[in-house]
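Based on the sequences and whatever the hints tell you, model everything.
The working numbering applies: residue 38 is where the sequence shown begins, and numbers increase by one.
In short, the hints are calculated from the structure, not lab data. Keep in mind that the hints are not guaranteed to be accurate.
Straight-line distance between alpha carbons at most 16 angstroms, and here's what the computed EDC-like set of lysine to aspartate or glutamate pairs gives [to be verified]:
hint	residue 1	residue 2
1	Lys55	Glu65
2	Lys104	Asp135
3	Lys99	Asp135
4	Lys99	Glu139
5	Lys104	Asp68
Here are the in silico distance ranges between beta carbons for each label pair [said to hold, decoys possible]:
hint	residue 1	residue 2	range
6	Lys143	Arg53	24 to 34 angstroms
7	Gly112	Ser146	36 to 46 angstroms
8	Lys143	Asn121	31 to 41 angstroms
Glycine included, each C-beta is placed from N, C-alpha and C at the ideal position.
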Amino acid sequence: MARKGGSHNKAMFEERIKNEMNSFLRTELKDPRLMLMSITRVELNQDYSVASVYWDTFDSSKRGDIKAALNGTKGRLRSLLAKNLKVRHTPELNFSYDSQFEDERKIESLLKDNPTGE
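See the structure below:
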């Protein structure tokens, strides 16, 4: 069932999930692979049952390890969220690498190499 309150409440809930998860990664899980990344954004589906969790790392060679670690801790993260968020139904978590920042870095590099735009 969709929640009342519109997109503002949804955005606030997404931000809260993001902040809680970043905190858990540092304080609760203590997996060294997860110290190399951060949650960049969370997007909930319409009925809040699924959270698409996007992450980034500065060490691109560790992406596979990080993805495996995240998928391995999915249940624990969801349990921690359930405890801290105090909601009836905690969303299912789906992790995806956030290529947005990588794309931005590529564009910046291209602009830096060709400042006149020619």
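Comparing the hints with the structure gives:
1. Lys55 to Glu65: With a Cα-Cα distance of about 15 angstroms, the restraint between Lys55 and Glu65 holds, given a limit of 16 angstroms.
2. Lys104 to Asp135: Given that 16 angstroms is the threshold and the Cα spacing comes to 12 angstroms, the pair holds.
3. Lys99 to Asp135: Holds, because 14 angstroms separates the two Cα atoms, which is no more than 16 angstroms.
4. Lys99 to Glu139: holds (14 angstroms)
5. Lys104 to Asp68: holds (12 angstroms)
6. Lys143 to Arg53: 24 to 34 angstroms: holds (31 angstroms)
7. Gly112 to Ser146: 36 to 46 angstroms: holds (39 angstroms)
8. Lys143 to Asn121: 31 to 41 angstroms: holds (36 angstroms)
Figure legend: structure checked against the earlier numbered hints; every hint is met.
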